[in-house]
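Build the full structure now, drawing on both the sequences and the hints.
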Amino acid sequence: MSERTITLDVTRYRPHQEAVPTVQSYAIPFPDDWVVLDALNHIKDQVDGSLSYRWSCRMGVCGSCGMMVNGEPKLSCAVFLRDYFPRAIRVEPLSNFPVIRDLVIDMSGFLDKLKSVKPWIIREQEKPLSEGEYLQSPRELDAYQHFSQCINCMLCYAACPVFGLDSGFVGPAAIALGYRYNLDSRDHGTAERREVLGDHEGIWQCTFVGECSVVCPKHVDPAAAIQRVKVDTAKDWILSLVMPWGQR
Amino acid sequence: MSHEISEHDVIVIGAGGAGLRAAIAAAELSPKLSIAVVSKVYPMRSHTVSAEGGAAAVTREYDNLDAHARDTIFGADFLADQDAVEAFVAEAPHELIQLEHWGCPWSRDADGRISVRSFGGMSVKRTLFAADKTGFHMLHALFQTSLKYDHIVRYDECFVTSLLVEDGRARGITNVNLYTGEVMVLAANAIVLCTGGGGRVFPFTTNAAIKTGDGMALAYRAGVPLKDMEFVQYHPTGLPGTGILITEASRSEGGWLKNKDGHRYLQDYGLGPPTDTPTQRKMELGPRDILSRCHMQEYQKGHTFEGPHGHYVHLDLRHLGQELIDRKLPFVRELVRNYVGIDPVYEPIPVRPVVHYMMGGVHTDMDGKTPLEGLYAAGETACVSINGANRLGSNSLTECLVFGARAGRNAAEYASGMGTPTSNPLAALARDEQHRLDSQFFKKEGGSERIAAIRTEMQHAMEEGAGIYRDASSMGATCEKLRELRERFSRIRLEDSSEVFNTERISALELDFMLDVADTIANGALLRKESRGSHTRTDFPSRDDENFLKHTLAYRTDEGPRLDYAPVKITRWQPEERKY
Ligand SMILES: Cc1cc2nc3c(=O)[nH]c(=O)nc-3n(C[C@H](O)[C@H](O)[C@H](O)COP(=O)(O)OP(=O)(O)OC[C@H]3O[C@@H](n4cnc5c(N)ncnc54)[C@H](O)[C@@H]3O)c2cc1C
Ligand code: SF4
Ligand code: FES
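These protein sequences, in sequence, are chains A and B. Residue 2 is where the first sequence starts when you use my numbering, and the numbers rise one by one after that. Residue 365 is where the second sequence starts when you use my numbering, and the numbers rise one by one after that.
It should be emphasised that the hints constitute simulated quantities derived from the structure, not laboratory data. Honestly, I wouldn't trust all of these hints.
Computed footprint of chain B on chain A; a stretch qualifies when at least three of its residues, placed anywhere within it, have a C-beta under 8 Å from a C-beta of chain B [to be verified]: (1) 14–20; (2) 100–107; (3) 122–128.
We put the beta carbon where it would ideally sit given N, CA and C, even for glycine.
Structural data, given as structure tokens:
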């Protein structure tokens, strides 16, 4: 396989050593089938053991390896060096997040948000396991399936202008995951999720631009979830105006 | 320096399928228990996320528990413990329904029931699936469900370095918090190891980077034996180069394996006759160990293709058509398009055997208990054993649930009976561990060996000596090489002395664990002078029930593993020749 050499300009930041992030350049010989992550692994193994970043599955499903690649949020295990060659590649930590070290961001806030949308089945009454599964038709499955494909990679947050200004915004992935349960025929928890999904001013600042859906590697379309939550919330609000008090 | 010690009732190490199931089982036993879940990656990054094909259980009228048990035992080449297998098949349906109630988006038949598909070595369709992302959906359903229990306390991105054992009991752990670099100490009355497999001791594997056998080494160092480590499963269909798995489901949906002449070669190895639509346990639905050996024989006969990453054959899905591929195998299509640059709807997929799964692991009984009091294990890191000498595909996700739940429940029951965990004896143990970490890793000066170099040499030695075909001389050379690498490891050079998110340290600690795991695999293989399941010796080509119908137990000593053996439990299925 032919080898060419590409330059990676990688953000370095070690909190106790540097006051601000710097950029380090590496010239990497690469075969045709290397992804950006392969180049980072090559650096770590052969050139500079101190470079830090997250990765694991190298097949686009664990969601660990999100980075800004030439300014766009990408899974570094799913973008090929050959597609950028001969230009240099800029590799930076995901935008909009605090940086812990080098390419590692702090995503602990997302874990709290995820919990806040109650991403689990809420039932009025549980059916005993001995009575078997809840039946769900392929159509009922289709209703929520694409919202369940989220790998929590955070690319959508890195692309989201609202989250960029207001880190308190629940944000695209968490809203899509909460909404996924609302759409699940087995779930009765819509009312319990209403407050956190629809309440924050963030969703009203969200425009139809849908940057989040554009960058999502799993076609979750979180922007659609946000728009639908808006519509549902507005409907509830209108309903609350026309309904007599007791029935709200 | 003294460590702050956090106390819990139960510590679960690992947050994959087994660990999360164990944590929920413990949490459901009593809201009063405090359950710690410690994981070196965020739970949803755990390797379970990569599992594609499905999870087996008897859920249909045409099926029965004995059939599932027999397939499993037969597939295991009679090295499975049959009482454990019987418990496994009996509890499997319940566990998978439980996961359905927790929201797992299983694929459905028109009538709303969970769909089932065929899988290698299974005599009927009994593998439940969520398209070809079963592990992903199971893991996320478990993780999201676990969030509703406030008494499950997570320690994300914390790397466990040792088990603290006092007075013959497991009482706590030490772990490095990646964010701060600090060594933390957790105390508990019961500990459950759910740390997954260790495919990364080999160079070419379907396994994620985090699968470095840590839990096996942790237990081994704490005096617990590792069982049947010589049994390593090769999966016949990985992508050359990356090792990314193309799921067996692609064959159960009707894919064909063809050599370079376009011939469905499996019929030449007693797996025929070839049929157009798949027949259970025949041809492409034969078990993995046999299919991987067939590939190697085709290679030796010169019937395989040769590419930049070595020999390969074709997995042909074209006749299945785009509609079926998109509905049942969308991830396969996505992976092949991204990583091979071809579309399986129009072109056959290049595949070759690749290290996939470790049948062996921490010795436990059916309740997940190890010989060390207070220590439990479940999932791929454990060896109960239901997988014996060869696991059947789609049994291991179910195993994570069944034995994860058992281990979690038993650990919680044990812990509740023990009163408040005492942290007194742990301070001294923790100081010793801090000293070991500082002198060997964190404050180590000098050294000349690169981590990556030792790792790569270990991986190649394992492929050479403990690959699909093995013999005494190549295995002996591998054992020798591993001794050399262990010695060189003491001279590794660490370039990064910073505290925050120091992944170089983690790589070094993982390599340290992998060297132990590799040693037990190679030594176990050398002394098992027979061929059984995945363990194929050219110098001892047949199964030898008289001398080797027994489990290997490897105990750690300073001179390397000491091997002992334990009987296999036979209940109702007497060993017979394994022919498909
Ligand atoms: C590509 C692929 C596809 C597969 N497909 C299927 C399938 O279709 N059906 C099937 O039945 N099986 C399948 N398997 C096998 C199955 O996925 C695994 O056996 C199973 O998921 C293992 O789960 P686990 O919970 O034991 O471990 P894992 O999911 O690997 O989790 C291990 C956990 O331990 C933690 N951990 C490890 N070491 C440490 C440490 N030192 N400190 C702290 N935490 C630690 C990790 O962070 C992680 O959370 C597949 C395997 C692969 C590789
Ligand atoms: S919605 Fe898409 S981009 Fe956002 S976290 Fe999920 S998978 Fe990633
Ligand atoms: S490494 Fe898992 S998504 Fe990239």
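Discussion item. Taking 8 Å as the Cβ threshold, is the statement that the stretch 14–20 of chain A is covered by chain B upheld or broken by the three-residue rule?
Written reply: holds (count 4)
Item to complete: Between the stretch 100–107 of chain A and chain B, see if three or more residues pass the 8 Å beta-carbon test, and mark the coverage as holds or violated.
Response: holds (count 4)
Fill in: Claimed coverage, the stretch 122–128 of chain A by chain B - three or more beta carbons nearer than 8 Å
holds (count 3)
Violated hints are absent here; each numbered hint is respected by the structure.
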